[in-house]
Every structure is written in structure tokens, then in C-alpha cells.
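Enquirer: Chain residues, written in single-letter form:
Protein chains: 2
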Amino acid sequence: MCEASAYLLKDGKEELFLKEVDIIEPEGDKLRLINIFGEQKIIKARIKRMSLVNHKILLESEEGGE
Amino acid sequence: MCEASAYLLKDGKEELFLKEVDIIEPEGDKLRLINIFGEQKIIKARIKRMSLVNHKILLESEEGGE
Numbered sequence: 179m180c181e182a183s184a185y186l187l188k189d190g191k192e193e194l195f196l197k198e199v200d201i202i203e204p205e206g207d208k209l210r211l212i213n214i215f216g217e218q219k220i221i222k223a224r225i226k227r228m229s230l231v232n233h234k235i236l237l238e239s240e241e242g243g244e
Numbered sequence: 179m180c181e182a183s184a185y186l187l188k189d190g191k192e193e194l195f196l197k198e199v200d201i202i203e204p205e206g207d208k209l210r211l212i213n214i215f216g217e218q219k220i221i222k223a224r225i226k227r228m229s230l231v232n233h234k235i236l237l238e239s240e241e242g243g244e
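Going down the list, the protein sequences come from chains G and H.
Just so you know, we're using my numbering here: the first sequence kicks off at 179 and counts up by one.
Just so you know, we're using my numbering here: the second sequence kicks off at 179 and counts up by one.
Because the hints were derived from the structure by calculation, they are not lab data.
Check the hints yourself; a few may be wrong.
In this list, chains with the same sequence are indistinguishable; a pair is considered to hold if it fits within one copy or across any two.
[What the hints assert, rightly or not] List of simulated lysine-lysine pairs, DSS-like, C-alpha gap at most 25 Å:
id, residue 1, residue 2
1, Lys191, Lys226
2, Lys191, Lys222
3, Lys191, Lys219
4, Lys222, Lys197
Please read these numbers as outputs of a predicted model, since none were measured by experiment.
All chains, please: the whole structure from these sequences, using the hints.
Expert: So this is what it looks like as C-alpha cells:
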């Protein structure tokens, strides 16, 4: 499977936000992430960088939080 | 490998933009995509939807194409 883990950049550190992410859908200034188990999280953040080969999505919060 | 193909939504149709994408990096109102062969493309577009399990990135141009 090719899902990736999403990390949130907070105070220069990367915190795991959601594992095994499949779907990523921007909605206005928010992002909807859905993982392979159907778990869904919405966060006011933007994608900073993704590497699919490394299975990593790095998110950056617009205003320091959700 | 877990790269995905990026498609650009144009006039309601999906056109292949870049295959085997690894890195996605937003830069202002542009997106930088780099594939596993090191090929790089920059486009004024935003991510509309991604499914990592389906290896698909759907891009939407902000102003009807680059």
C-alpha cells in the first residue's frame, strides 16, 4: 500500500498528525485527510512538502494550531 | 514504489501532467513537482484531490492553464 503519514510542523518539530493517509483534499484554507481505515481529520493547515517515495506528508499550520 | 501520476483538470478533462511524481512542494501560488527520474515541473495550480492508494494527484489550474 502507498499511503503516507502526515506530520504537523509545530515549533520546528514534526508531530504525527495522521497515519496511513490515503486521501488529501484541500477545502478552502483547510485540509481534509482520510486514511485507509476511513478515519478523517480536518485541519487548518497547508501542505509544506510531500514525498510519496518516503511516505511522508509535512503540514504547516497557518496560525499555530488546529 | 509509491509515486503517483499528476493530472491537470482542464475543461472538465484530466490531462496527464507528470508521471511517477515523488515530491510535491507548494511555492506561493505554484506547485513544484519532481518525479522519481528527477524531472521537475512547476505549475500555477493547486491540488484539488489526491489519492495515494490510487496513485493519483489531481491538479486544478488557477487561471485555466499554464
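Enquirer: With reference to the structure, classify each hint as holding or not holding.
Expert: A quick look at each hint next to the structure:
1. Lys191 <-> Lys226: within (13 Å within a copy, 27 Å between copies)
2. Lys191 <-> Lys222: within (17 Å within a copy, 29 Å between copies)
3. Lys191 <-> Lys219: This pair counts as within: shortest intra-copy Cα distance 20 Å, inter-copy 29 Å.
4. Lys222 <-> Lys197: within (18 Å within a copy, 29 Å between copies)
When the structure is compared with the earlier hints, no violation turns up for any of them.
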